[in-house]
Amino acid sequence: MKNTPDGSQLLNALSKSALFLNTMRRSGMVAVAATSAALIGQPVFAEAAPEKSTINFKTLTYRDYQPSDDRIDIDAESFLIQVPIAGQWSITGTAVHDAISGASPRYHSSSLAQIKDTRKAYTGAVTRYFQQGSVTVGTAYSKEKDYISRNYSIQNSWSTPSQNTTFIVGLGYTSDQIIPNSIFLTAKEDKRVVDLALGVTQVLSQTDIAQVTYHHTRGRGYYSDQYKLYDARPDSRDSDSVLVRWNHHFVESANTLHSSYRYYTDSNDINAHTLEFDYVFNLPNQWSITPLLRYYSQSAASFYYDPVANDPWADADTFGAPISVVYPLYAEGRFASMDQRLSSFGAITYGAKLTKHFGENWSADVKFEQYEQKGSWALGNGSDGLKDFGARSIQFGISHSF
Amino acid sequence: MSAPTYRHEFKAMASHCEVVLAGVSAEEARRLSALAEAEVLRIEHKYSRYRPASLLSVINRSCEWERASPAIEGVQTSSSPAVTAIPCDAETLDLLDKAELLFQHSGGLFDITSGVLRRAWNFQLKQVPEPQALQDLLPLINWRAVVREGNTVALPLPGMELDFGGFGKEYAADRAAAVLLEGGVRSGYVNLAGDIHILGPKPDGEPWSIGIRHPRHADRLLASIPISSGALATSGDYERYFEKDGKRYCHILNPRTGYPASYWQSVSVLAPNTLIAGSFSTIAMLMEEKALEFLHTSGLSFLAVDQEGRIHQESQDA
Numbered sequence: 475m476k477n478t479p480d481g482s483q484l485l486n487a488l489s490k491s492a493l494f495l496n497t498m499r500r501s502g503m504v505a506v507a508a509t510s511a512a513l514i515g516q517p518v519f520a521e522a523a524p525e526k527s528t529i530n531f532k533t534l535t536y537r538d539y540q541p542s543d544d545r546i547d548i549d550a551e552s553f554l555i556q557v558p559i560a561g562q563w564s565i566t567g568t569a570v571h572d573a574i575s576g577a578s579p580r581y582h583s584s585s586l587a588q589i590k591d592t593r594k595a596y597t598g599a600v601t602r603y604f605q606q607g608s609v610t611v612g613t614a615y616s617k618e619k620d621y622i623s624r625n626y627s628i629q630n631s632w633s634t635p636s637q638n639t640t641f642i643v644g645l646g647y648t649s650d651q652i653i654p655n656s657i658f659l660t661a662k663e664d665k666r667v668v669d670l671a672l673g674v675t676q677v678l679s680q681t682d683i684a685q686v687t688y689h690h691t692r693g694r695g696y697y698s699d700q701y702k703l704y705d706a707r708p709d710s711r712d713s714d715s716v717l718v719r720w721n722h723h724f725v726e727s728a729n730t731l732h733s734s735y736r737y738y739t740d741s742n743d744i745n746a747h748t749l750e751f752d753y754v755f756n757l758p759n760q761w762s763i764t765p766l767l768r769y770y771s772q773s774a775a776s777f778y779y780d781p782v783a784n785d786p787w788a789d790a791d792t793f794g795a796p797i798s799v800v801y802p803l804y805a806e807g808r809f810a811s812m813d814q815r816l817s818s819f820g821a822i823t824y825g826a827k828l829t830k831h832f833g834e835n836w837s838a839d840v841k842f843e844q845y846e847q848k849g850s851w852a853l854g855n856g857s858d859g860l861k862d863f864g865a866r867s868i869q870f871g872i873s874h875s876f
Numbered sequence: 003m004s005a006p007t008y009r010h011e012f013k014a015m016a017s018h019c020e021v022v023l024a025g026v027s028a029e030e031a032r033r034l035s036a037l038a039e040a041e042v043l044r045i046e047h048k049y050s051r052y053r054p055a056s057l058l059s060v061i062n063r064s065c066e067w068e069r070a071s072p073a074i075e076g077v078q079t080s081s082s083p084a085v086t087a088i089p090c091d092a093e094t095l096d097l098l099d100k101a102e103l104l105f106q107h108s109g110g111l112f113d114i115t116s117g118v119l120r121r122a123w124n125f126q127l128k129q130v131p132e133p134q135a136l137q138d139l140l141p142l143i144n145w146r147a148v149v150r151e152g153n154t155v156a157l158p159l160p161g162m163e164l165d166f167g168g169f170g171k172e173y174a175a176d177r178a179a180a181v182l183l184e185g186g187v188r189s190g191y192v193n194l195a196g197d198i199h200i201l202g203p204k205p206d207g208e209p210w211s212i213g214i215r216h217p218r219h220a221d222r223l224l225a226s227i228p229i230s231s232g233a234l235a236t237s238g239d240y241e242r243y244f245e246k247d248g249k250r251y252c253h254i255l256n257p258r259t260g261y262p263a264s265y266w267q268s269v270s271v272l273a274p275n276t277l278i279a280g281s282f283s284t285i286a287m288l289m290e291e292k293a294l295e296f297l298h299t300s301g302l303s304f305l306a307v308d309q310e311g312r313i314h315q316e317s318q319d320a
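Sequence order for the protein chains is A and B. Following our numbering, the numbering of the first sequence begins with 475 at its first residue and continues without gaps. Following our numbering, the numbering of the second sequence begins with 3 at its first residue and continues without gaps.
Don't read these hints as lab results, they were simulated from the structure. You can take every hint at face value.
Restricting the straight-line Cα-Cα distance to at most 25 Å, the calculated cross-link-like pairs of lysine-lysine (BS3-like) are:
| # | chain 1 | residue 1 | chain 2 | residue 2 |
| --- | --- | --- | --- | --- |
| 1 | B | LYS13 | A | LYS702 |
| 2 | A | LYS861 | B | LYS128 |
| 3 | B | LYS246 | A | LYS848 |
| 4 | B | LYS13 | A | LYS619 |
| 5 | A | LYS662 | A | LYS702 |
| 6 | B | LYS128 | A | LYS848 |
| 7 | A | LYS848 | B | LYS249 |
| 8 | A | LYS617 | A | LYS665 |
| 9 | B | LYS249 | A | LYS861 |
| 10 | B | LYS13 | A | LYS662 |
| 11 | A | LYS619 | A | LYS662 |
| 12 | A | LYS861 | B | LYS246 |
Could you build all of it, start to finish, from the sequences and the hints given here?
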């Protein structure tokens, strides 16, 4: 090949030959999206919220607000203004969208599940502050074409007079409706989840703070994925998890190390471990950089089946799938899933976030993350036959706390 | 209160397809989406290489070895190829013209005779073909050798075949969109397995927000883009592929070498219509490291992800 062919020549040639040509209008729209936690109706305290006694440590990583009198707050974490790079492509994993562009989707991806009409989400919380504590009552509602979720929660926290120990008790109730939108679901289904969180935060010294949170959920209802081929999961799921966090503040440098470990186990036989570290380096002029490292490992659900190279029942559309194993189970009404998220795998994430704060309420950040996932990285036996994942993501954000 | 949006889903070309319409009555939406679906199925039947009766299959049989002469029984006579020129309609001639343009302006990388490589690459068996097997097929890949005279087309060598897989689905999306636009639709889109032709913005004037699938996380989005008109298509190395000895082999095959493209994880292109968007994204995949220059000179908006997961993107302002 002599030189790289010139794209403008081909475009001109094809445009002249095209049957029709639309003029393209482009919008410099700034998408406003809610973060995933609020959208999927997770209880607001699913991952323990920062307690106010930790504010001094965490102002760099958490948007928070000082307690004052009774007031209604919109949860600041729920809103994220995404700034499209160069006014066009918005690099994000959570934007609300209407359709997906990708190489031709097959059953094994969940691309179809991503096709949504519109998505509306509201969260609200009222907090009443007392001398030694606070009570927060919250509600969240989200509606999509195929899913309606309502969540109610109450959380009580109180501290010892010294403010060195803080307790949290939270109770939540989530009621979801799953609306048929694929050939695998013919009638409306629902799902109810009750969850309980108990936490204690202890200031250990001027520079150390630790937190232990126990979280239990009990869910009943429809857990299958209506967009996946032959996906049938138990209609109950109970889970328990324990999260231990420890933050250490370095006085001389004013830097902070956040570390956490979480153990999760549920009635589907998934046991998971998450170990995470990040380190906030303060730089002059309200800049900070935060490197991050996370390891995650989970065991497979009891009803998960690995892909196979050459299943005799698979055709061009289901290529790679263990159809001859899963279909008979499905047809008999037994549990089965080929969802790779239920497989056994290990994953490592590393990255860094660069943040610039502007005054009290505004911050801008750019975050690089590299994610690698392999079956063989699981603690114990990893699942076979799944593609390894490896991806680098770059995310830009501007945040404003209200 | 916004006007209702109607979605019609169907299966064609072994993929999930949908037509989304707004700003029309429910009855109109039903009628028009049925017309759009019929148009997609018409194109599939006409150009599928899997259907023996399709026009494309007829063209692919235009050159066959002459049957051995029965005159002297038991004696093998040397056979020679018999070529039949197949008359084509205007639509097919137009598509062949487009194939010619795509070949010319891609330095031969977009070649609709390259489908024969599928005989060597079996993505189910996950085997890298022997170099000789590919060498044997390469002589059959040669768009220049295809004989076009008047309104006829013929293949000069037995075993050669045309394959519209590289732009057939994109063309179908454009045709379905044309049917809908002719029917008066001004709001909605046609989505054939991720090749999306936008008919016009939502009834309130807002653009549709289209997500780009993450090439390494099937259930995640990598990016999104608001679009009011035009088309978006994505080519990637992540749908039909296998890995062997640490190397990924995807289904986008280079007609010169016979081997898969390996530089990009995915390339998305925004263009005036789906055929342009799709062919540019495929050519970019095949151009490997030279794709950025090619895309840049086109002036189209694009988003490309390289093997390191790095995002390269360019946006055009109105």
